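Chains as they are written, first to last, in the numbering used here: chain L, 47 to 478; chain V, 85 to 395.
Hint data in this document are derived by calculation from the structure and do not stem from the laboratory.
A portion of the hints provided could be inaccurate.
If we take Cβ atoms under 10 Å as the criterion, some of the chain V residues that face chain L in the derived model are [to be verified]: (1) P161; (2) E228; (3) H246; (4) S247; (5) R300; (6) L301.
The model shown is predicted, which means the values in this text are computed figures rather than measured ones.
Heads up, the beta-carbon is just placed ideally off N, CA and C, and yes, glycines get one too.
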Amino acid sequence: MSAKRSLARGWLVRGAVAGALAVAIALPAAAETTITIWSHEADEPAKVAWREKAARNFEAKNPDVKVKITWYDKPALNAALRTALRAGQGPDIFYAEPDQVEYITNGFATPLDDLVNWNNIYDWARGVWTHNGKTYGLPQEAYTIELYYNKELMKKVGVTLPPSGQVGQAQFLDIVKKAAAAGITPISQGVGDRPYPGVYLSEEALLRRLGRDDYGKLLTGKLSYKDPRVVESLTFVKGLVDAGAYPKSFATLKLGESHYYFHTKPGSLMFPMGSFYTGRAFVPPDKGGQPEGFPLGVMQFPAMDKGACNQCKSLTIGASFILNAGSKNQKLAAGMLNEMATPDMGTLWLETILLQTAIKSDPSKVGGKYAEYFRELLDRNKDAQYFVGIPRDHIQGKCKDVFTQVLNNAFPGGLLTVDAAVDMLNQGCYTN
Amino acid sequence: MAISRPAAPATRARRRSAGQPWPVILLFLAPALLLYLGFTIDPAFRTFYNSVHTIKPRGVEEFVGLAHFRELLTADPVFWKSVANTMIWAVAAPIPDVGIGLLLALCLYAKVPLARFFRVVWFTPVLLSYVVVGIIWMWVYNFEWGVANELLRWVGLSGLAHSWLGDPKTALWSVMFTHVWKWTGFNMVVCLAALYALPTEILEAASLDNCGWARRLVFIMIPIMWRTLLNLLILSFIGKMRVFDLVWIMTGGGPLWSTETVSTYVYKRAFEWNTFDLGYPSTIAALWFVVVLAFALSLSWLFRQRDRLEY
Numbered sequence: 047m048s049a050k051r052s053l054a055r056g057w058l059v060r061g062a063v064a065g066a067l068a069v070a071i072a073l074p075a076a077a078e079t080t081i082t083i084w085s086h087e088a089d090e091p092a093k094v095a096w097r098e099k100a101a102r103n104f105e106a107k108n109p110d111v112k113v114k115i116t117w118y119d120k121p122a123l124n125a126a127l128r129t130a131l132r133a134g135q136g137p138d139i140f141y142a143e144p145d146q147v148e149y150i151t152n153g154f155a156t157p158l159d160d161l162v163n164w165n166n167i168y169d170w171a172r173g174v175w176t177h178n179g180k181t182y183g184l185p186q187e188a189y190t191i192e193l194y195y196n197k198e199l200m201k202k203v204g205v206t207l208p209p210s211g212q213v214g215q216a217q218f219l220d221i222v223k224k225a226a227a228a229g230i231t232p233i234s235q236g237v238g239d240r241p242y243p244g245v246y247l248s249e250e251a252l253l254r255r256l257g258r259d260d261y262g263k264l265l266t267g268k269l270s271y272k273d274p275r276v277v278e279s280l281t282f283v284k285g286l287v288d289a290g291a292y293p294k295s296f297a298t299l300k301l302g303e304s305h306y307y308f309h310t311k312p313g314s315l316m317f318p319m320g321s322f323y324t325g326r327a328f329v330p331p332d333k334g335g336q337p338e339g340f341p342l343g344v345m346q347f348p349a350m351d352k353g354a355c356n357q358c359k360s361l362t363i364g365a366s367f368i369l370n371a372g373s374k375n376q377k378l379a380a381g382m383l384n385e386m387a388t389p390d391m392g393t394l395w396l397e398t399i400l401l402q403t404a405i406k407s408d409p410s411k412v413g414g415k416y417a418e419y420f421r422e423l424l425d426r427n428k429d430a431q432y433f434v435g436i437p438r439d440h441i442q443g444k445c446k447d448v449f450t451q452v453l454n455n456a457f458p459g460g461l462l463t464v465d466a467a468v469d470m471l472n473q474g475c476y477t478n
Numbered sequence: 085m086a087i088s089r090p091a092a093p094a095t096r097a098r099r100r101s102a103g104q105p106w107p108v109i110l111l112f113l114a115p116a117l118l119l120y121l122g123f124t125i126d127p128a129f130r131t132f133y134n135s136v137h138t139i140k141p142r143g144v145e146e147f148v149g150l151a152h153f154r155e156l157l158t159a160d161p162v163f164w165k166s167v168a169n170t171m172i173w174a175v176a177a178p179i180p181d182v183g184i185g186l187l188l189a190l191c192l193y194a195k196v197p198l199a200r201f202f203r204v205v206w207f208t209p210v211l212l213s214y215v216v217v218g219i220i221w222m223w224v225y226n227f228e229w230g231v232a233n234e235l236l237r238w239v240g241l242s243g244l245a246h247s248w249l250g251d252p253k254t255a256l257w258s259v260m261f262t263h264v265w266k267w268t269g270f271n272m273v274v275c276l277a278a279l280y281a282l283p284t285e286i287l288e289a290a291s292l293d294n295c296g297w298a299r300r301l302v303f304i305m306i307p308i309m310w311r312t313l314l315n316l317l318i319l320s321f322i323g324k325m326r327v328f329d330l331v332w333i334m335t336g337g338g339p340l341w342s343t344e345t346v347s348t349y350v351y352k353r354a355f356e357w358n359t360f361d362l363g364y365p366s367t368i369a370a371l372w373f374v375v376v377l378a379f380a381l382s383l384s385w386l387f388r389q390r391d392r393l394e395y
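Can you build the whole structure from these sequences, using the hints too?
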């Protein structure tokens with residue numbers, strides 16, 4: 047009997063020890079909090095490294111916190127977010143861009159006014175994410191719409207650009223014609239997987255011709271596309287299209303492919319692109335980057351005849367982060383956002399990503415082999431008057447769909463006359 | 085004298101059903117039924133329910149009656165464009181789909197040289213995912229270096245080289261061609277099985293009567309295979325009425341909505357329009373479900389009537 051009791055006691059003791067061990071093992075794990083982030087730009091190594099660095103910095107300052115970033119491509123991220131947020135789930139922090147106002151209107155974004163140190167962020171950038179007096183997104187990436195060109199090919203077609211890098215409408219058309227005559231694709235551009243690159247030429251022409259106020263009215267449906275200035279601008283773009291400005295594969299060429307088309311094969315003279323060009327181009331050539339020693343130049347979009355603002359330029363916010371209103375770790379997640387917005391991280395962004403940022407930082411610290419590029423980019427933006435936002439940031443719903451189909455795809459693809467494009471845009475977007 | 089009469093069918097059924105171990109049957113059926121209820125029936129009912137509501141996140145629902153239907157039918161030109169494209173696809177594509185499948189099956193049935201090799205080659209596209217097929221054919225159609233245009237240039241027809249997916253006149257047909265390429269192998273396999281199931285005595289009798297290959301095909305083989313072909317046509321038709329993947333990958337519905345199908349439009353309205361509302365997209369889906377169901381039932385009924393007349 048006593049043997050039985052002692053056996054039972056032995057098992058009890060062993061059970062107690064095992065239980066205590068299990069609790070001891072489980073306790074630190076229970077105390078550890080994980081901040082989850084879902085981010086786009088999995089295919090941009092410099093941005094991946096930058097955000098992972100911010101995460102590790104935050105972990106170092108908060109030993110009980112782990113930061114887990116899940117990397118996506120944009121369409122996959124958007125699909126995952128919509129499903130997760132609808133179900134009341136999703137990460138603590140997620141990537142968004144300013145045109146995705148649905149996260150705000152549906153209450154998925156926590157106002158960040160009191161959670162983020164806004165002293166580190168440029169006011170204009172904060173303004174892009176401000177709706178009804180509250181700020182919902184932490185802007186990280188800023189970019190301007192630039193016109194890149196191949197300096198050697200420009201010489202080859204016999205064109206010398208003025209020091210300002212800006213030519214007039216007639217000269218620009220002449221450059222396009224000269225390139226086409228020389229068998230060089232004048233402008234690399236493709237809309238196979240993005241709803242915006244095909245609009246670049248039109249939007250910059252419209253902005254310069256109309257000036258910031260009227261351009262803003264046009265995008266918000268308060269100015270008709272039948273306005274003679276709009277028609278003149280689109281007629282200019284149509285002239286470029288008809289002169290063979292774009293590749294014949296324009297409709298199916300993808301964003302990444304259009305970069306490769308410009309700098310590697312077959313090569314084009316010019317390439318309108320957001321200044322996030324660097325994210326894809328300044329990586330090793332075997333990863334799709336531009337060849338070593340590629341003669342990259344930055345010029346200006348053409349000055350429009352009777353242009354109201356030929357120094358105008360589109361500037362907008364790209365990569366931003368939203369704090370999920372359903373997150374149970376609001377304060378910690380806000381801390382992580384602040385970690386991504388320090389001046390040191392801003393400078394690191396400039397140094398490693400070579401792209402403008404919404405975080406206050408010192409561009410003069412940028413060195414290395416791309417310093418010359420960065421100086422040229424800053425020089426091209428020296429006297430610029432910015433219009434904040436690209437069209438997609440200002441339009442929604444039906445107008446957005448029509449705008450994409452017409453001004454991104456069909457019109458630059460040579461499928462529509464100016465009159466037809468104007469009619470369709472007015473039907474979809476003009477509200478007066 | 086009592087005359088025993090066979091039990092009436094209803095009584096027989098009752099007796100049979102009384103002898104069944106219903107608890108066990110239900111136990112085994114339950115998992116499949118639950119999955120079916122959860123993943124098919126409930127979403128279908130939910131779609132109809134959503135179609136008369138504005139559905140916002142966090143369970144916010146607002147009853148709007150038939151407002152979505154009214155807007156869809158009277159004020160949404162893109163919907164009608166997508167309906168037209170889908171109908172063109174659903175009506176035009178099944179014919180080459182099944183026709184080419186039958187021809188390939190006949191080649192294999194006739195034991196052409198390398199028949200085994202061709203059977204694998206022709207069936208392989210069926211095994212590929214839409215993403216792979218879409219990307220391959222986007223390369224094929226590429227203006228500058230795509231195989232389609234390179235071939236045209238090689239045979240001296242460079243004037244016909246074309247941006248196949250970039251022109252509204254050719255985009256829909258180009259995507260349809262790719263879809264036919266992908267699914268012909270499936271139809272081929274089904275037709276081949278039907279061919280091997282043909283009664284040999286009839287075919288041999290026809291041969292003895294000096295009936296040629298073509299006449300045997302038209303007057304004997306196809307009539308006997310008619311039900312198989314009919315099923316393939318209906319399946320193909322229904323599949324085309326719901327086509328999404330390939331269009332989404334290759335053109336996204338463009339250019340100028342020329343390849344927009346009802347399914348891609350539903351997806352756009354649900355996930356691409358900067359709104360979390362599922363009401364309006366559900367209206368399109370519900371309406372289209374009814375249309376597809378009506379077509380499928382009508383076609384089955386129509387062909388059944390024809391069968392009765394013929395036999």
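The hints, checked one at a time:
Among the interface hints, the one on P161/V holds; its C-beta lies about 9 Å from the nearest C-beta in chain L, closer than the 10 Å criterion. A distance limit of 10 Å between C-beta atoms decides the matter here; for E228/V the minimum to chain L is near 5 Å, and the interface restraint holds. With its C-beta approaching chain L no nearer than about 9 Å, H246/V sits inside the 10 Å limit, and its interface hint holds. Using the Cβ-Cβ criterion of 10 Å, the hint placing S247/V at the interface with chain L is satisfied: the shortest such distance is roughly 5 Å.
Here the hint on R300/V is broken, as its CB sits about 46 Å from the closest CB of chain L, past 10 Å. This hint is violated: L301/V has a C-beta 40 Å from the nearest C-beta of chain L, more than the 10 Å allowed.
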